[in-house]
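Keeping their order, the protein sequence lines are chains A and B. Residue numbers for the first sequence follow the working numbering, so the first one is 14 and each next one is one higher. Residue numbers for the second sequence follow the working numbering, so the first one is 1188 and each next one is one higher.
Don't read these hints as lab results, they were simulated from the structure. Be careful, since some hints might not be right.
[Stated by the list, open to error] Mimicking SDA-like on lysine to any residue, the simulated pairs with C-alpha atoms at most 25 Å apart in a straight line are:
hint	chain 1	residue 1	chain 2	residue 2
1	A	K98	B	R2003
2	B	K1216	A	G92
3	B	K1588	B	A1499
[What the hints assert, rightly or not] Here are the computed distance ranges between Cβ atoms for each label pair:
hint	chain 1	residue 1	chain 2	residue 2	range
4	A	K130	B	R1597	52 to 62 Å
5	B	T1989	A	K172	35 to 45 Å
6	A	E86	B	F1807	33 to 43 Å
7	A	E86	B	E1279	48 to 58 Å
8	B	A1940	A	K130	31 to 41 Å
9	B	R1412	A	H28	34 to 44 Å
[Unchecked claim] One side of the interface only, derived from the structure: several residues of chain A facing chain B at Cβ under 10 Å:
hint	residue
10	V59
11	F78
12	T89
13	F106
14	L144
15	T156
16	K172
Every value quoted in this text rests on a predicted model; they were computed, and no experiment measured them. Just so it is clear, CB atoms sit at the ideal spot from N, CA and C, and this is done for glycine as well.
If you want the building blocks of each chain, they are given just below.
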Amino acid sequence: MNKEKITVTVNGRKHEKEVEPRRLLSDFIREDLRLTGTHVGCEHGVCGTCTVLVNGKSQRSCLTFAVMADGAEIQTIEGLGTAEKMHPLQQGFWEKHGLQCGFCTPGMLMTAVELLKENPNPSVDEVREALSGNLCRCTGYQTIVESIQRGAEIMRGGK
Amino acid sequence: MVQNRGYIPKSRQREKPREGLKYIGKSMKRVEDPRILTGKGVYADDISFPEMAHVAIVKSSHAHARIKRIDTSKAEKLPGVLAVLTGAQAAEICGPLPTWSSPPVFQRVIAHERVRHVGEAVAAVCAESRYIAEDACDLIEVEYEPLPVVVDPEEALNSRGDAVLHPEHGNTNLILESKFDFGPVKEDFAAADHVVKRRLRWPRSGGTPMETNGATAVWDEGSQRFTIHVNSSMYNFVGWMIADTLKIPHHKLNIVPTLAGGSFGAKLFLYKQPVMAAIFAKIVGRPVKYLEDRMEASLTNDAHASDRVYYAELACKKDGTFLSFRQRIIDDYGAYFQYGVGQHGNALAQVVGPYKINSVGVHVQAVLTNKNQQGAYRGFGSEVANFVIERMVDAAAEELKIDFLEIRRRNFIQPDQFPYLIPTGNMYDSGDYEKVLDETLKILDYKGWQKKVAEMRKAGRYVGIGIATTHERSVFSSTEFWMWNLDGKIGWTSSPDSMSIKIDPRGRIYGTLHSPFWGNSPETVATQVIAEQFQVDPSNIEITYSDTDKGLHSTGPGGSRFTVMVTGAIVGAAAILKKKIYKIAAHMLEANPDDMEMRDGHVSVKGAPQKKVSLQDLAFHAYYMRLSMPDPEDPDLTSGLDATYVYDHPVTTLPDPKREHMGIFYPIMGHMCHSMVVEVDPETGQFTFLDYACVHDSGVMINPMTLEGHMRGGVVNGIGSATSEHYYYDKNGQPTNTLLTDYLLPSISEAPANMKCGHVETPSPFTEYGIKGGGEGGRMGTPPALAQAIEDALRPLGVKITELPLTQKRIRQLVREAQTKRAAD
């Protein structure tokens, strides 16, 4: 199959690659760039696990072709923080036990990054609304909401 | 050795439950999290090797058919395709897949000659990429000769001829039937004032973790060995069974665990993916990955859950005293029978719930149908038994006109009656059920809600309260898998877990787990217990996982056993190490080894804490000063500081050979009370939670935060099982929901926003520190409480709930039927 040349900036680093037009953005990120922090749960856009930010907006990488991201700025979980210096949302998830198996967590985090950009102090209902397209099988969701509110608090300068 | 009913082994508990523990009982942040939160956790699909190839399968479109012809020629010619296998070819390379059923019902990694459910692999392709492998699958032509399809479990009892899935087991789909009377069932029923009878239906759901099953196999030509990376549990228990299927010597296979993105039982023991990846890895001479896609995870993951029809009878006295509980159960196992009726063995562990019931009659009919086979899901059959006993108790309360909480209190086993033996022979180690109930009512504000509900009803609203008092048996042992097999063979009785601990020359502690991470918190649990044992700061401890090459005998998580078992293994290994540490410290401090204790990273003399040596200095001594040991000839004082310990189940006994009782096999008995207030909209069939409170007694807690995680997560699993999840097959055996678009896992919108959790701690007298398991969480308590709450809300209409899931459609239908009946009356 013919390949298309694309240029994508992921977590601030520019990549030029040739991809088949049918290649999914999720596979491009995970396999071609070896950024395996983005997970694939359902492959049909329901579970939200594969959510990444494309030009600042949350998007399901399993429903996006890599060629559609040509020229885009993408952020994945690897672009948030490190184990030594976590992003406030990662810190919030750690403190409030917002994960168990951790498989859905990257999608939860990226969705939350987008939410807090628009709403730095969301209520429980606002967080629940924002997460309504992300499935978690482990936590029962409640601690995820608490984690995001805690992350928001740290971002607002709270300790 | 045959043990009499009533024989209880002596407790092996070394660490008594006590006040003043420094690390156990604390909500410590998880040590697993930093790498997972930053995208550095390695799950099954994150394994990658240069030149790795990928497998895709051709899924059967028929529920039951003979495979007449397969043409793979077009697929083989597609550029990028490396190898294609049909069932016939695979059957030449490898044997049947592992199974515990007796007699064994054989399953193949690729169906051979006959397909038995939609989605079963009929051919597989290995290619340069998953894309090409899937393209090639589309080019494979399969001709089927349809056979009669069996879907309904009760109709399956009458299947004959071509409708029989496995004719080698006789002209029937009734693969196993067993009947037991534990205690004087007939006499107790004869003495009853009232018998409650119900037909209850529990639907087919599944653990459905967000990550599917997957394996990557590497074949090393030089050493003639396979290395398989897989997100499975039980690899250090029965991983060798995969070598049997691959027809290789066991030591030519090394299984390496990855993180598992959730299991809930669905990844208890994976064999299809490892075998598929391995056979192709050897054929193509390259690393090969086989990862299920989401549709395969719904259709052919070997992990659907209990699908049961119950005909249940509860014999009662007028005053509500329960006398006997009798049930006929038809269970739809699907097309294969991997664990036999283990799920029913499991249910017998706590079949009477928290109640005194003198006798139990059980008649199980396990049938095979044209569906994905059953595996494990959070509760392993006991969650169904909980639903059934609680529905029966609610029905008894209504029919005898006794308050539904009062009837429970009258029948509760009392705190001074433990250890308590139930009619099936299992033991309940400890408990305080009234305390759990009272604490729940307090947290829910039951009295307050009763008033509010009454007012809301006056205003025409349909609001109800549901409360269930159920068990969570913990620490499974092997017995449940084989005790129904009446072929006279004694089955396995070992189900240990192990730990290796090494203290390095600078005093840092390395713990090696022989069980995997499958979404629980194994590293955190091990860290907390090791920190407690050695009184060191958790930052000095590192936990890793063994592969099968280095692995010790370990059953792994499942059946709410990991925390108890790994704690036992750590205490055992630590005892060996501390004996040595104390000898060396006593020598260094010129004191008596019996007077040593560990405190703040040091070994010191009891009562004289200033006389101390740091663990770091002591470890250095242990590693490098062999000739300066107290007694250079002491065989315990070999250089270094390391120990391993295999911890067997804390308390089990053999079943009676005639199966008059099952022995003690699942005795570490947790308890829970789930309560909720719901409002139902009778016009739409929708319901909403107005409140939710639950209290669990999981014995002494290691980490309340992670335990509450299991409680809340289990609740939402339970909500799914009770209301929206149903692996449904139409009359042609075609599954109607194969993706997450229509198999409805609860989203955040269906979960209660504020679940209040409480704890009661009744220590186990048999486990280290008195811990009990709690991993199966709320799924074992939510469904009966939710059924009761919805029934209570619709009480003005006279709706009775006997069948799950309570989908919006079903609730609406129940309301309509009740209204029609009212109108007719």
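Outcome for the supplied range 31 to 41 Å, where the beta carbon pair is B/A1940 and A/K130: This hint is violated: roughly 23 Å between Cβ atoms.
Look at the Cβ atoms of A/E86 and B/F1807 and judge whether their distance stays inside 33 to 43 Å. Violated - the Cβ-Cβ distance for A/E86 and B/F1807, about 52 Å, lies outside 33 to 43 Å.
A/L144 as an interface hint toward chain B, with CB separation required under 10 Å: At about 5 Å, which falls below the 10 Å cut-off, the nearest Cβ of chain B leaves the hint on A/L144 intact, so it holds.
Let's test the interface hint: is any C-beta of chain B closer than 10 Å to that of A/K172? With a minimum Cβ separation of about 16 Å from chain B (threshold 10 Å), the hint on A/K172 is violated.
Below or equal to 25 Å on CA atoms is what counts here, so check A/K98 against B/R2003. Roughly 58 Å between the alpha carbons, so the hint for A/K98 and B/R2003 is violated.
B/T1989 versus A/K172 beta-carbon gap, inside 35 to 45 Å or not: 53 Å, violated
Confirm or reject the claim that A/E86 and B/E1279 have a C-beta distance inside 48 to 58 Å. Cβ of A/E86 to Cβ of B/E1279: about 53 Å, so the range 48 to 58 Å holds.
Next pair to validate is B/K1588 with B/A1499; report whether the Cα-Cα distance is within 25 Å. 20 Å, holds
Hey, B/K1216 versus A/G92, does the alpha-carbon distance stay inside 25 Å? 23 Å, holds
With 10 Å as the cut and Cβ atoms as the points, is A/T156 at the interface with chain B? 7 Å, holds
Against chain B, is A/V59 within 10 Å by beta-carbon distance? 4 Å, holds
Does the nearest C-beta of chain B fall within a distance shorter than 10 Å of the C-beta of A/T89? 7 Å, holds
Hint compliance for this structure: hints 1, 5, 6, 8, 11, 16 are broken, all remaining hints hold.
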